[in-house]
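Please arrange chain B on chain A, whose structure you already have, making use of the hints.
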Amino acid sequence: MQQKQYNTVVVGVAFSPNIQANVFEALRMSKMFNASLVMVHVGEKTNEKETALDKIISSFDGAVPDYRVLWKAGNPAEVLLGACAGENADLLILGAIKREGLLKYYLGSVARKLTRKAPCDVLLLIKPSVDRVACSSGVVNGLAHPKTEEAIDRAFYVLSSLGAQKLTIVEEIPEDSVAIKVDDDRSLRKSTIAKERIKLRENSRVQGLLSHIPKSIKENLEVVVQPIFGRRGYSIGHYARVARADLLVMNAPSKLTLWDRLFPHDLEYILSDLPTDVLIVR
Amino acid sequence: MSKSSIFSGLRSNVFAGFVVSLIAMPLALGLAIASGFPPIAGIIASVVGGVMVAVLGGSYVTITGPGNGLVVVLLGAVTVLGEGDMQAGYLYALAAVILSGVLLLLFGFLRFGSLSDFFPATAIQGMLSAIGITILLKQLYVMFGDLETKGAAFELLLGVPKLIQSLFTDGSTGQWYAAGIGVVSLLIMVFYSKIRNRFFHLVPAPMWVVLLALGFDAYFSLVGGGNPISKSLLISLPENLLGGVPTPNFSKLNQPAFWGVVVSITLISSIESLLSIKAVDKLDPQKRRSNTNKDMKALGLATIVSGFLGGMNVVTVIARSSVNVNNQASNRSANFFHAAFLFVMVLVFQDQLRRIPLTSLAAILVYTGYKLAAPAIFVRMYQIGKEQLLVFLTTLISTLLTDLITGILIGLLATFVVHVLLNKAFWLFSRNLLKPNVLMYKENETQNYYVGIIHFCTFLNFYKLKSKLDKIPQDERAVVDFSLCSFVDHTVQESLQNYEELFERKGGGLEIIGLDIHETDSSHPFAVRTLRPMKKLRVFGGGRTKRQLQLEALAHEKGWAYKEATKSQKRMLRDHPVYQTTSVERVYNLIEGPKKRLSLCDIHYSEGAFIAKENIQTTLLRVQLDKEIPVFSFDRELLLEKLSHLAGIHDIDFPEYPEFSHDFYVQGNDPQKVRAFFNAKMVSFFSAYGFYHIMSNGKELLVRQFLRPATPAEAAAMIEFGLALKEKIDG
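Residue numbers (my numbering), protein chains in the order written: chain A, 9 to 290; chain B, 35 to 765.
Careful, some of the hints might be misleading.
Cross-link-like lysine-lysine pairs, in silico, DSSO-like; alpha carbons within 27 Å at most [stated by the list, open to error]: (1) B:K760 <-> A:K174; (2) B:K733 <-> A:K198; (3) B:K476 <-> A:K198; (4) B:K500 <-> A:K207; (5) A:K189 <-> B:K733; (6) B:K733 <-> B:K760.
One-sided and incomplete, this derived list gives chain A residues near chain B with beta-carbon spacing under 7 Å [to be verified]: (7) Q28; (8) F32; (9) D193; (10) T200; (11) I201; (12) I236.
Simulated coverage check for chain B against chain A, where a stretch passes if three residues somewhere in it have a Cβ under 8 Å from a Cβ of chain A [to be verified]: (13) 313 to 325; (14) 480 to 490; (15) 507 to 519.
In case anyone wonders, no lab produced these hints; they're calculated from the structure.
Even glycine gets a Cβ: it sits at the ideal position worked out from N, Cα and C.
Bound-form chain A, shown alone (with noise of 0.2 Å):
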């Protein structure tokens, strides 16, 4: 199977107290893609913005990889959705807001809006810094899904593109998956020895997928692989956390509608409470 490689990466730049993080995330991220990097400002191109923005550039530590910047007004959500359409930008780097005091990360609207309709992969940064910190170990879902298979190797290549050492790949089992329900010692076991041979089962189905990676990615990571029983979309999110991982991948959803913003369900609690860097494949 061919590696989708990323060539070119999209990133939307206002002039906030975090741009020059911002930048230079991209840049790094970029530069270890191998990619070219194209850099949005919604609005106006004026004097004093550009010195500022070469400024900032130049301050960056190392080689600054192929970049452009693209200075348009208009609605900051359509404006950069027509920038990775023209651009066909593989990846699209966002950053998320941090809501005061409340150590938590949410998305903006626009930012929201983005993640729905990006035509390419979506990254969503939940602290982006100036200095680089290193991207030890990231989390992939396993869920049975048609597009599971591109995200786990989507994952592959990212995680060993940022020089990751570790990747887990959680297999989110529903509750219900089990019938059987704990009243006493003996449902207990039932249900326990249900929960194994399930578990068994999946773990099968995933090593069936990891077999088709390229040897040469694999090698660098370690790869493991753990089934959680829970609620979808959920429970990866709160792994994630717990794991202290830097990177979690998951599918796109195949579509969102008013439903599921109303009764939040996979992507949506992840969304609404980042628990690290989030990687959404399409």
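Showing chain B alone in chain A's frame:
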């Protein structure tokens, strides 16, 4: 239940059922009278409940029958629905009982077995204490022979001086005798657990009360003149106990007041049953997990049948269950035998029962009420935290002023308001209430179960955590991590403590981590804990007593460690067969020798629960041995005679040492080994220290002198004895 398990341990279950029936009879009569039901209604509930739940239930060593908690609401139902006519009210109340049974049955099918977890522990405690106060006040009047006065709790409280005054001014001789029996009965109930005489303890306290009443009656019939207590103050039973089933009156089905009663009865009976089942599971020596949903169905069905026969609600009751466990009951057949004995006793002794004055039964209930609202409960609430005391008092007072449902709802609201105020953040709860917040998985490397909780964890969402915890086999190890959770309340901590014990008992373990960084304002292990800023206010601590200072000095003299309070030692008695059914309340003033091989501590443990509870505070010396020795107990007064109930334990005599054999009781499971252990040297050594009670479980010895904490001098002597003993055995 398979056939073999019914007949295994048949003897001990019959015996346990018999002892329980001795307590159940006076309680059933008293609870029925206090509820405004005819006395026989309590017996019906016990017999029906005992038989049906024994056959259909999902718990193992529980006893079912009429409950304390329902007294207040049932009496209210009879008075309100009957509009003054007690007989009519009784028939309406029966209809309500039947419908509550239907609801309970439904709860069982809907798997509401964790219903009681939705109420904050403190609010439930407040409600139960309010019930206790109401029972106490109402029955206090009956105890003094006054059947007329009625009113709300506060009026009754203000009327107590007048009650006693009126006894002096216009009490008849009969009333004086009745009140006298009442007061003596109360004294029996209060001092029963303080008198440690084993012959006295062969008969349970409530039965002594009955025996006292019967003895009084017998005396007067012998001397002549007959019982001076008027008929109205004696129990009235129908002439034909097996005939004349009353017809429940369903004609108030369309009235909201009727449904209010049904809901209250259902709520209280399910909470009382669920709490009791939970408590009894902790006492079960075989460590089985009750199927609460199945039990609820059985209780519901039993309540329906009992209601149609004219009986009260059937609930699981803690005091009788704990007596059951303490008498080596091993399965549900004990519940059945308790019902059978009760049935036979009532049929055979109905004439005797008619001679029991209401005042003596009232005395039992006064004590029951007192136990529900004992000052110790208030102190405990204060120790856990001032805010818990506030919630507790709010619930208690509002329950007394309004009714049970309003009271518990106010308590629930008060708890929530306190939580919001403590955290100074409403969003923490509003934003996260409906979101999932618990993650559970089995770690690949360690094979431990990891349970992580985020946001907050209180009574509002404990059911989510509970449903995960219930799915972990309790012989495995589990880790509960609160480090990402901002707020954990008292209800959760108390329930988790429960889980810790259950896991511990089954050979697994449950550890709680990530709470150390949370702030709290009390040193109690169940205090609320929050990550949000909270002003530190230490409630207890500091100020050691003279004895503690002396014990500390004693420890330092030896170069040993001294700890004022300890948590980890709570399971120290578990490995000793005699203490299988005791629960350790507190271990304190711990003095530990090097490598913890020798330790001395004060221990507060209890046997039984609620009104059948016996508290024991003593000082124990614990000697861990390097050599394996036989299992035995050594005792001069046979205070440890309980051991002989246990299977495979024999009295051992020593033909070689007749004097030793005569002076001391030695029991053990392997006479040959024990005889070999007690060689000439050991015999002379043990004889010299005959005032100690010594117990061996093969690996460790427990030494006790008195059933009270030792003085510092006695403690020092015990330590010296322990060192000598270890030297003698290990060499």
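Hints and how they fare:
no.: 1; hint: B:K760 <-> A:K174; result: violated (53 Å)
no.: 2; hint: B:K733 <-> A:K198; result: violated (36 Å)
no.: 3; hint: B:K476 <-> A:K198; result: holds (17 Å)
no.: 4; hint: B:K500 <-> A:K207; result: holds (22 Å)
no.: 5; hint: A:K189 <-> B:K733; result: violated (41 Å)
no.: 6; hint: B:K733 <-> B:K760; result: holds (12 Å)
no.: 7; hint: Q28; result: violated (30 Å)
no.: 8; hint: F32; result: violated (29 Å)
no.: 9; hint: D193; result: holds (5 Å)
no.: 10; hint: T200; result: holds (6 Å)
no.: 11; hint: I201; result: violated (10 Å)
no.: 12; hint: I236; result: holds (4 Å)
no.: 13; hint: 313 to 325; result: holds (count 4)
no.: 14; hint: 480 to 490; result: holds (count 3)
no.: 15; hint: 507 to 519; result: holds (count 3)
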